[in-house]
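**Student:** Residues per chain, in single letters:
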Amino acid sequence: MSHAERVFQVAGTYPVPVPLRANDPSFYRQLGAYLESGLPLFAAMSKHRHAVAVVGYEWRAPASTQLKGVRYAWDQVQALAFVDDNNLPYLRVPVNGGNPYSATDIDAFIVALPEKVHYPADAVDSLAQTLFKLAPVVALPPEDETIIRYFMSTGADLRCFVRERESEFDPKLVATIMSLPFAQYIWVVEFATETQWAVQQVAARAVIDATASFLEVMPLWLMHNRKQALVFDRRSLDPNSGSWALQLADTGQAGFTRMHRNLRPTRTK
Amino acid sequence: MDEEKSQSDVLKAIEGLTRVDPDALAEFRRAMNEEVIPKIIKVVEERRVLAAETRKWQLKY
Chain A
0 MSHAERVFQV AGTYPVPVPL RANDPSFYRQ LGAYLESGLP LFAAMSKHRH
50 AVAVVGYEWR APASTQLKGV RYAWDQVQAL AFVDDNNLPY LRVPVNGGNP
100 YSATDIDAFI VALPEKVHYP ADAVDSLAQT LFKLAPVVAL PPEDETIIRY
150 FMSTGADLRC FVRERESEFD PKLVATIMSL PFAQYIWVVE FATETQWAVQ
200 QVAARAVIDA TASFLEVMPL WLMHNRKQAL VFDRRSLDPN SGSWALQLAD
250 TGQAGFTRMH RNLRPTRTK
Chain B
0 MDEEKSQSDV LKAIEGLTRV DPDALAEFRR AMNEEVIPKI IKVVEERRVL
50 AAETRKWQLK Y
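Which chain is which? The protein sequence lines are A and B, in order.
Just so you know, we're using numbering that gives the first Met the number 0 here: the first sequence kicks off at 0 and counts up by one.
Just so you know, we're using numbering that gives the first Met the number 0 here: the second sequence kicks off at 0 and counts up by one.
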């Protein structure tokens, strides 16, 4: 992995190596998040003494479960698409129980991030769970019933997405999203119930500055559900005085459309 | 400070904004300071040490 990382550096990219650490359930969630961000990954599988490029993913069919606890988009992934020099051109690799590999055989990966992205997926993974503590201002579904999905995008793409689905949003929220001076890169965190996930909808969305320092206490631009929004003035030095609330008119939608703008899931033929 | 004056020009254009009670954000700020940020500092430091090692190697073409 170290050699590969060095090669990425010499090629002029900004590689971040992410090894699987003991007791770290966020590793595969991060892998999935980078992949959904449209970033192909160099992935190592030590047990096979082999490395591949991971270039796609496939959701499992929605199904209701009795599982308790917060779930993540990774839990909904059925398979990954590998580019493997031993199995060209593409290899569909199930998350578990695959032959010759399973996605969970990956024990390290390298993602080549844009130069300006300083807020890594590790930080987003922790922050996403902490956003439930903002529930007094922006209500989220109960933690036990929520599926969290996060991925990187650009401010321009978020605006384009919202503009295309304007009728889903209170005009004040549309105006806010069009006005906020987003950094070029953002992380989008989506919160959905199991029912909403099945119909590709979300209950709430948070927008994080991907160019923020990981030392920032409030790296957010925006968080909203159907009735409330929290708007952060990132030019304010005091996060308390830079935090603003906005009451929204319920447009009657059951949820917002899930944002699929980068790498779309593959479908088995 | 007057609420209107403390808003940046961008936010001034958004109608209906009201100041958030800092107490409503206190638990989030505590969790960020005591849990999230220390955890990510540790991870990033591990990565920095790993990267510093590999940068010492000369790649041959």
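Simulated from the structure, these hints should not be mistaken for laboratory data.
Any given hint might turn out to be false.
[Unchecked claim] With a Cα cut of at most 30 Å, we get these calculated DSS-like pairs of lysine-lysine:
no., chain 1, residue 1, chain 2, residue 2
1, A, K132, A, K115
2, B, K11, A, K46
3, A, K67, B, K11
4, A, K171, B, K41
5, B, K11, A, K115
6, A, K132, A, K67
[Stated by the list, open to error] Pair by pair, the computed Cβ-Cβ distance ranges are:
no., chain 1, residue 1, chain 2, residue 2, range
7, B, E33, A, L87, 41 to 51 Å
8, B, A12, A, S1, 26 to 36 Å
9, B, L49, A, N95, 39 to 49 Å
10, B, R47, A, L19, 12 to 22 Å
11, B, A12, A, H47, 54 to 64 Å
12, A, C159, B, E14, 19 to 29 Å
13, B, K11, A, A60, 23 to 33 Å
14, B, A12, A, L87, 50 to 60 Å
15, B, E33, A, A10, 36 to 46 Å
16, B, D8, A, R257, 45 to 55 Å
17, B, L49, A, S166, 44 to 54 Å
18, A, Y13, B, P37, 20 to 30 Å
19, B, A12, A, D84, 47 to 57 Å
Remember, it's a predicted structure, so these values are computed and weren't measured experimentally.
Every residue, glycine too, gets a C-beta built ideally from N, C-alpha and C.
**Student:** Now, for every hint given, state plainly whether the structure supports it.
**Tutor:** Now for the hints, and whether the structure bears them out:
1. A:K132 to A:K115: With a Cα-Cα distance of about 28 Å, the restraint between K132 (chain A) and K115 (chain A) holds, given a limit of 30 Å.
2. B:K11 to A:K46: 57 Å, violated
3. A:K67 to B:K11: 43 Å, violated
4. A:K171 to B:K41: Violated, at roughly 40 Å.
5. B:K11 to A:K115: 28 Å, holds
6. A:K132 to A:K67: 19 Å, holds
7. B:E33 to A:L87: 41 to 51 Å: 49 Å, holds
8. B:A12 to A:S1: 26 to 36 Å: 49 Å, violated
9. B:L49 to A:N95: 39 to 49 Å: About 28 Å separates the Cβ atoms of L49 (chain B) and N95 (chain A), which means 39 to 49 Å is violated.
10. B:R47 to A:L19: 12 to 22 Å: 18 Å, holds
11. B:A12 to A:H47: 54 to 64 Å: Given about 56 Å between the Cβ atoms, the range holds.
12. A:C159 to B:E14: 19 to 29 Å: 23 Å, holds
13. B:K11 to A:A60: 23 to 33 Å: Violated: the Cβ-Cβ distance is about 48 Å, outside 23 to 33 Å.
14. B:A12 to A:L87: 50 to 60 Å: About 54 Å separates the Cβ atoms of A12 (chain B) and L87 (chain A), which means 50 to 60 Å holds.
15. B:E33 to A:A10: 36 to 46 Å: 39 Å, holds
16. B:D8 to A:R257: 45 to 55 Å: 33 Å, violated
17. B:L49 to A:S166: 44 to 54 Å: About 48 Å separates the Cβ atoms of L49 (chain B) and S166 (chain A), which means 44 to 54 Å holds.
18. A:Y13 to B:P37: 20 to 30 Å: Because 24 Å falls inside the window, the suggested range holds.
19. B:A12 to A:D84: 47 to 57 Å: Given a distance of about 54 Å, which is inside 47 to 57 Å, the answer is holds.
Comparing the model with each numbered hint stated earlier shows that hints 2, 3, 4, 8, 9, 13, 16 do not hold.
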